[in-house]
Amino acid sequence: MRQIPWEVMLIMLPLTGAMACFFWPRRAITLGLITALGVVVCVAGLGWRVLEQGAQRYAVGGWNAPLGIDLYADGLSLLMLMVTAVVGLGISVYSIGYFERRQAAHFWPLWLFLWTALNALFLSADIFNLYVTLELLGLAAVALVALAGGANALTAAMRYLLVSLLASLCYLLGVALLYHNFGSVDIAILAQRVELSPAVWAAMGLMSAGLLLKSALFPLHFWLPPAHASAPAPVSALLSALVVKASFYILLRLWLEIFPPAGAAPGQLFGVLGSAAVLWGGIQALRQTRLKLLIAYSTVAQLGYLFLAFPLASSVAWKGSLYLLLSHALAKAAMFMAAGNILRFCGHDRIVGLDRVAQRLPVTMTAFALAGVSIIGLPPSGGFIGKWMLLEAALRAGQWWWVIILILGGLLAGAYVFKVIGYAFTRAGVLRQTSRVPMTMEWAALAMALAALLLGLVALWPLSLMEIGLPFGGGDAG
Amino acid sequence: MSSALLYALAGVSLFTLGLYALIVHAHLLRKILAINVMGSGVFLVLVALGGRTTGAEPDPVPHAMVITGIVVAISATALALALVLRVQAATGRAELPEEPLE
Numbered sequence: 001m002r003q004i005p006w007e008v009m010l011i012m013l014p015l016t017g018a019m020a021c022f023f024w025p026r027r028a029i030t031l032g033l034i035t036a037l038g039v040v041v042c043v044a045g046l047g048w049r050v051l052e053q054g055a056q057r058y059a060v061g062g063w064n065a066p067l068g069i070d071l072y073a074d075g076l077s078l079l080m081l082m083v084t085a086v087v088g089l090g091i092s093v094y095s096i097g098y099f100e101r102r103q104a105a106h107f108w109p110l111w112l113f114l115w116t117a118l119n120a121l122f123l124s125a126d127i128f129n130l131y132v133t134l135e136l137l138g139l140a141a142v143a144l145v146a147l148a149g150g151a152n153a154l155t156a157a158m159r160y161l162l163v164s165l166l167a168s169l170c171y172l173l174g175v176a177l178l179y180h181n182f183g184s185v186d187i188a189i190l191a192q193r194v195e196l197s198p199a200v201w202a203a204m205g206l207m208s209a210g211l212l213l214k215s216a217l218f219p220l221h222f223w224l225p226p227a228h229a230s231a232p233a234p235v236s237a238l239l240s241a242l243v244v245k246a247s248f249y250i251l252l253r254l255w256l257e258i259f260p261p262a263g264a265a266p267g268q269l270f271g272v273l274g275s276a277a278v279l280w281g282g283i284q285a286l287r288q289t290r291l292k293l294l295i296a297y298s299t300v301a302q303l304g305y306l307f308l309a310f311p312l313a314s315s316v317a318w319k320g321s322l323y324l325l326l327s328h329a330l331a332k333a334a335m336f337m338a339a340g341n342i343l344r345f346c347g348h349d350r351i352v353g354l355d356r357v358a359q360r361l362p363v364t365m366t367a368f369a370l371a372g373v374s375i376i377g378l379p380p381s382g383g384f385i386g387k388w389m390l391l392e393a394a395l396r397a398g399q400w401w402w403v404i405i406l407i408l409g410g411l412l413a414g415a416y417v418f419k420v421i422g423y424a425f426t427r428a429g430v431l432r433q434t435s436r437v438p439m440t441m442e443w444a445a446l447a448m449a450l451a452a453l454l455l456g457l458v459a460l461w462p463l464s465l466m467e468i469g470l471p472f473g474g475g476d477a478g
Numbered sequence: 001m002s003s004a005l006l007y008a009l010a011g012v013s014l015f016t017l018g019l020y021a022l023i024v025h026a027h028l029l030r031k032i033l034a035i036n037v038m039g040s041g042v043f044l045v046l047v048a049l050g051g052r053t054t055g056a057e058p059d060p061v062p063h064a065m066v067i068t069g070i071v072v073a074i075s076a077t078a079l080a081l082a083l084v085l086r087v088q089a090a091t092g093r094a095e096l097p098e099e100p101l102e
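As given, the protein sequences belong to chains A and B, one line each in that order.
Just so we're aligned: the first sequence equals residues 1 to 478 in my numbering.
Just so we're aligned: the second sequence equals residues 1 to 102 in my numbering.
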């Protein structure tokens, strides 16, 4: 029996859906939702096969690696695809209530193109294909930011586009150097052939710089807060939850497979920058007066944690970082959705003006608070498990100073989350005019927040998925 | 110095030149041109080094990459130009503000 090529369907289905939404804008919502459900089914199908048969390699069109394009799915890719599917479904449902009909006709094709790019990126087995998917992702994301219209969103989108193109070109120059030196762009082949030389150091520097710029690691984060804060709420959720993670995923892949011979020094640098991001992002978030900007700076801080795995470079640390990535994707999607609800309800997102939102939007505020639990890293949540693993890895490696960063970051996160919740409970004298928030928007936010909590309760299952194909090396050699 | 290496070095200089222009010029059209110059630099490096790897017969893979890269660059430039028009319509200037707007 021929097997169903889930890998190809994961790319072709959202692509077809996006074009269908583009050609039949009146039916965009129906077509989009059907596509979203279809993608979830495909992820489940691929997941089932990976669980049964281990890591999968699929040669598109029957052409093998040196000539053709390979798709590769191991535990790491699968988890990224899964979190994309869960967050994607949540955002799809949320967007039904958020956009009016005319805007929805623009949103759906772009969002499905973005989903195509994400799926293709997580399945790519070669560094050039990663470049192409990275560009597709960037273009779709920029167009989505511009969707909000207005001077703020347009200038943020323009800045985002320039940064994104600059970063991709740096990455591409690195690809050119690696291809020239080792005659292949396939990650597995490169991993066998790579030897340290000045050209490899240059390639590593260029590719890392480009990817760090895209992942908004401090001090390259300047473009992120305006872009994420001025986009429409479902788009902010997409960007913070998934898009910045995509470039981090590429960096993780390169670091795990191609650049291990480079030694510990670059890893230490990433750790220091990550720590600075945790502190700076937290302090900036605390200083913000607008809710969406606060959440955007919180993303800067949370991205910093992910980089703490690089100086430790042990299996536990990588898994902890990936766990934080997954739970942050869910929790941050919930937070931006909740912020979107509050913005719709109050007509503004000034934190001091959140008079009694807690009483009048209980579901939304619950979602925000539960997402906050995961962002701060309190048990039982996915954020807690991730931080715990990073902490354990740091102590095992004898690098206790990262523990201080983990604790300080948690305190800062606690401060900014409670700042918002505190104002939501205050009693204002005059109740301002408010507008209704659709049920789907409230419950979609809560579902994402609950998923982030659930990740803290079923930790064993995702952790065993991470073992498939051994992306993080064998065993727990800390 | 072989001619391939010369071309590759020229490509790297174009890349650097474009990067410099991207940083110093404020006008968005110039920034987009700068990015295109950077892109051409990378393509030049790819083609030049492709000619060097296998001696007499040039390696076709980098050429395929460059063609893909050109398609990507054209779409990105089109999107960027459309955005510049919208930014100019909304703010009256084809430049990015120094401080984020309120």
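Since the hints were made in silico from the structure, they are not lab data.
Watch out, some of these pointers could steer you wrong.
[As the list claims (entries may be wrong)] One-sided and incomplete, this derived list gives chain B residues near chain A with beta-carbon spacing under 7 Å:
id, residue
1, Leu33
2, Ile35
3, Val45
4, Met65
5, Arg86
6, Thr91
[To be verified] A partial selection of chain A residues facing chain B, derived with a Cβ cut-off under 7 Å:
id, residue
7, Phe128
8, Glu135
9, Leu139
10, Leu147
11, Ala151
12, Leu162
13, Val163
14, Leu169
15, Leu172
16, Ala176
17, Val363
18, Thr366
[To be verified] Ranges of calculated distance between the beta carbons of each label pair, as one might list FRET restraints:
id, chain 1, residue 1, chain 2, residue 2, range
19, B, Ile74, A, Ile4, 33 to 39 Å
20, B, Leu5, A, Trp400, 34 to 40 Å
21, A, Arg26, B, Thr16, 30 to 36 Å
22, A, Val8, B, His63, 23 to 29 Å
C-beta: ideal position from N, C-alpha, C; glycine also.
Results of checking the hints against the structure:
| no. | hint | result |
| --- | --- | --- |
| 1 | Leu33 | violated (12 Å) |
| 2 | Ile35 | holds (5 Å) |
| 3 | Val45 | holds (5 Å) |
| 4 | Met65 | holds (6 Å) |
| 5 | Arg86 | holds (5 Å) |
| 6 | Thr91 | holds (5 Å) |
| 7 | Phe128 | holds (6 Å) |
| 8 | Glu135 | holds (5 Å) |
| 9 | Leu139 | holds (6 Å) |
| 10 | Leu147 | violated (11 Å) |
| 11 | Ala151 | holds (4 Å) |
| 12 | Leu162 | holds (6 Å) |
| 13 | Val163 | violated (10 Å) |
| 14 | Leu169 | holds (5 Å) |
| 15 | Leu172 | holds (5 Å) |
| 16 | Ala176 | holds (5 Å) |
| 17 | Val363 | violated (31 Å) |
| 18 | Thr366 | violated (31 Å) |
| 19 | B/Ile74 <-> A/Ile4: 33 to 39 Å | holds (35 Å) |
| 20 | B/Leu5 <-> A/Trp400: 34 to 40 Å | violated (48 Å) |
| 21 | A/Arg26 <-> B/Thr16: 30 to 36 Å | violated (50 Å) |
| 22 | A/Val8 <-> B/His63: 23 to 29 Å | holds (26 Å) |
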